[in-house]
Amino acid sequence: MAKKKMSVSEAGRKGGLKVRRTYGKKFFEEIGRKGGKKGGLVVKKKYGTPYYEEIGRKGGKKVKQLIEKGKKAS
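Okay, so the sequence shown: first residue is 1 according to this note's numbering, each after it adds one.
Any given hint could be a false lead.
Each pair of labels, with its calculated beta carbon distance range [said to hold, decoys possible]:
#1 Pro50 x Ser74: 34 to 42 Å
#2 Glu10 x Gly70: 35 to 43 Å
#3 Ala11 x Ser74: 44 to 52 Å
#4 Lys4 x Thr49: 50 to 58 Å
#5 Leu66 x Lys45: 29 to 37 Å
#6 Gly36 x Gly59: 17 to 25 Å
Since the hints were derived computationally from the structure, they do not count as laboratory data.
We put the CB at the ideal spot given by N, CA and C, even for glycine.
Full structure from sequences and hints, please.
Put into structure tokens, the structure is as follows:
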């Protein structure tokens with residue numbers, strides 16, 4: 001009798017549950033915090049301050065446009 005093949009998402013879910021049972025919630029919180037901090041530092045080092053200024057400006061501009069669009073629709 002052939003075994004049913006497991007999907008990648010099912011394997012990931014089962015693996016995550018196993019890690020959660022083994023290490024607990026605090027483990028995930030800690031690796032998430034480390035990953036976010038390291039990721040941000042890498043982006044900062046690669047692109048520098050002007051990058052953050054530019055994306056902040058673009059984000060603010062987009063929000064302003066959406067607010068104006070919402071006011072016109074009302």
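Now the hints, each set against the structure:
1. A hinted range of 34 to 42 Å holds for the C-beta pair Pro50 and Ser74, which are about 37 Å apart.
2. A beta carbon spacing of about 41 Å between Glu10 and Gly70 agrees with the range 35 to 43 Å that was offered as a hint.
3. A hinted range of 44 to 52 Å holds for the C-beta pair Ala11 and Ser74, which are about 48 Å apart.
4. Taking 50 to 58 Å as the suggested C-beta distance range, the pair Lys4 and Thr49 conforms, at roughly 53 Å.
5. Checking the proposed 29 to 37 Å range against Leu66 and Lys45 shows it holds: the Cβ atoms sit about 32 Å from each other.
6. Checked against the given bound of 17 to 25 Å, the beta carbons of Gly36 and Gly59, roughly 19 Å apart, stay inside it.
Checked against the numbered hints given earlier, this structure breaks none of them.
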